[in-house]
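One line per chain: the protein sequences are A and B, in this order. To get the working numbering, take the position in the first sequence, counting from 1, and add 592. To get the working numbering, take the position in the second sequence, counting from 1, and add 35.
Below, a list of computed lysine to aspartate or glutamate pairs in the DMTMM-like style, where the Cα atoms sit at most 20 Å apart:
#1 B:Lys260 <-> B:Asp217
#2 A:Lys651 <-> B:Asp39
#3 B:Lys116 <-> B:Glu296
#4 A:Lys707 <-> B:Asp39
#5 A:Lys707 <-> B:Asp331
#6 B:Lys272 <-> A:Asp685
#7 B:Lys53 <-> A:Asp685
From the derived model, a few chain A residues whose C-beta atoms are all more than 10 Å from chain B:
#8 His599
#9 His604
#10 Asp610
#11 Leu627
#12 Lys651
#13 His718
#14 Leu735
#15 Arg737
#16 Ala741
#17 Gly755
#18 Gln767
#19 Asp799
#20 Gly801
#21 Arg815
Label pairs and their calculated CB-CB ranges:
#22 A:Gly608 <-> B:Pro340: 54 to 62 Å
#23 B:Gly58 <-> A:Arg870: 25 to 33 Å
#24 A:Arg870 <-> B:Ser249: 23 to 31 Å
#25 A:Gly755 <-> B:Glu171: 48 to 56 Å
#26 B:Ala179 <-> A:Glu711: 48 to 56 Å
#27 A:Arg822 <-> B:His290: 16 to 24 Å
#28 B:Ser249 <-> A:Met609: 36 to 44 Å
#29 B:Gln165 <-> A:Arg822: 32 to 40 Å
#30 A:Gly717 <-> B:Val329: 26 to 34 Å
#31 B:Lys229 <-> A:Arg822: 36 to 44 Å
#32 B:Glu171 <-> A:Arg822: 38 to 46 Å
#33 A:Val619 <-> B:Pro52: 51 to 59 Å
If you're looking for bench data, these hints aren't it; they were derived computationally from the structure. We treat Cβ as the ideally placed atom computed from N, Cα and C, and that holds for glycine.
If you want the building blocks of each chain, they are given just below.
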Amino acid sequence: MPLPDEHLIYPHRSYGMDQDRYAWRPVTQRAPIALPGGAAVTAMIVVPIEHHPLNPPGKPFKHPGAMVTPYPDLRHYTTRDYGNRVGVYRILDALKAEGVKATFPINADQLERLKPLVEAILAEGHEIAAYGLSTTHIHWGGLDRETEAAWVAEVRARFDAAGLAPRAWLSPARQQSFATLDLIRAAGFDICLDWEQDEVPVAMKTDAGEVIGLPLSNELDDRALMIDRRQSEDEWAIQVLEAADYLAQDADRFGGRVLGFTLTPYVTGQPFRISALRRLLSGLGEIGVTAMTASGIAR
Amino acid sequence: MQADPNLYDHWPYRDRPKIVWPGDKKLAFWIAPNIEYYEFDPPKNPQRPGWPKPSPDVVGYSQRDWGNRVGHWRLMELLDKYGMRGSISLSVGLLDHHPEIIEACVARNWEFFSHGIYNTRYSYGMDEAQERAVIEDSIRSVEAATGQRIRGYLAPALTHTEKTFDLLAENDFWYTCDLFQDDQPQPVKTRTGKLISMPYSLEVNDVITYGALSMSPWRYADVLKRHFDQLLEEGEKSGTVMCIPLHAYLVSQPHRIRPFEDALRHIAGHDEVWITTAREIAQHYRDHYFDQTVADIAARGLATPGTGFDHAAA
Chain A
593 MPLPDEHLIY PHRSYGMDQD RYAWRPVTQR APIALPGGAA VTAMIVVPIE HHPLNPPGKP
653 FKHPGAMVTP YPDLRHYTTR DYGNRVGVYR ILDALKAEGV KATFPINADQ LERLKPLVEA
713 ILAEGHEIAA YGLSTTHIHW GGLDRETEAA WVAEVRARFD AAGLAPRAWL SPARQQSFAT
773 LDLIRAAGFD ICLDWEQDEV PVAMKTDAGE VIGLPLSNEL DDRALMIDRR QSEDEWAIQV
833 LEAADYLAQD ADRFGGRVLG FTLTPYVTGQ PFRISALRRL LSGLGEIGVT AMTASGIAR
Chain B
36 MQADPNLYDH WPYRDRPKIV WPGDKKLAFW IAPNIEYYEF DPPKNPQRPG WPKPSPDVVG
96 YSQRDWGNRV GHWRLMELLD KYGMRGSISL SVGLLDHHPE IIEACVARNW EFFSHGIYNT
156 RYSYGMDEAQ ERAVIEDSIR SVEAATGQRI RGYLAPALTH TEKTFDLLAE NDFWYTCDLF
216 QDDQPQPVKT RTGKLISMPY SLEVNDVITY GALSMSPWRY ADVLKRHFDQ LLEEGEKSGT
276 VMCIPLHAYL VSQPHRIRPF EDALRHIAGH DEVWITTARE IAQHYRDHYF DQTVADIAAR
336 GLATPGTGFD HAAA
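Working from the sequences, and respecting the hints, build out all of it.
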């Protein structure tokens, strides 16, 4: 029994993208852009605030950082929770010391529990973004639209109840369904941190208006590099600095660029890793890289 | 199954009431050699086999035996050299198998706490009576062999039940090493007793660093120094705790022990450090800071009802 005929039919085999969210545009055909503030490279620092419950369903897959051993996996529960109560404050201190503003996506179901953290983030001039409802509410292609719309509405309602009005959205596990962009835009989120198709903001079409995609580097993800790939904090930091320096040196040709990278509190917020973050942040300043929040970049 | 264990309340690291360790020290440092016994042919727990490979796993088994025959003594000499006492995370069964190790530790006034009976017997699936039997066996056996009443617990192979912490508190344990949410102690929400979570610094545990994170001996020493430097700096604001959890079958390997010594030398070279045992940290904390912490959590409006795995208890 061979494959069904559809495997040899190519309905989108034509110039440009095979989806209609945004158009194909090679870097060679893009006019250099000026980012707010005029810097050649703007760092978009993203600090994901996520809670990992003891009993994740693991469907459709486990969120990175989810429990590993049989219930009750207090080992992983508490090592993740360390980030939200201890590690994140080291990151806040390091950002404050360099006068750097960052974007903090937070799971909506943590707004109440982590209220003191939300207050500290706002008091220090950072931006709050939505990070879905929880790490167990993963948006994906197998989700029916009604359920997903209800999740997004619930996220907006929880932020409203907390007196917050975030514009930016990061999906749990950075996973989307085919409808996610439409649904978040309809709920008032016009910035999305899930996509990274360029080094500049990209306007994406939805059936409710435009969403600005801001690039967040997967290859520089701190958790992936230091935990999954077992690199040292110095190796991680020097790669972020190398990226910033590389982008800065050909700014004349390509204009302003965005370098988005994550600081995961339970990873980078460890005592032995935090001095590398301090060196990274001061190193960015030395090569003239400014940092802005998601809304600051998208305007 | 519950999403949140409710074993402790959320308590932001910033602006906590100040802890000062005895002698005006900023950082309480303790070292936790895990002295473990892994059985040659353990019964198979339905949720996890005793060994990752079929028994007998002769490489895994004999490397751990090497840790007790050779590695332990090498590590003990090193700690002697720096005047450090170990707080031993003990597979209680080892009292019967290797009394020479126990005698040597008793002679040095090291502390013992329970790490279960064998590290190949897990808590998964135990009912309350079974888990209580393990805890009572631990208290009785260590007291009979050493005269010490154990006050601390680290569940065997970090395996727990919803009842573990209530059982520890009922049996007048002072501290648990099973919770990794903080660099300072914190009261654990149990039905009775006065149990605290003792920072056990899993992130710098040699199993994690050499194994899961693939660190070289030199890299591990560097990590320990950085970890220490940061926690010492923060201890100025409020006293912190650093633990180095160790396993002789790993750290005492001939290619690792000298780089590890560099880290100990670095730590011992600072006089703002209280080099002590877990029991002494727990005692000082319970006597001076337990109530202060509970009051601060309440004053910040962060106290939640109930106890561990029982949100409705209040």
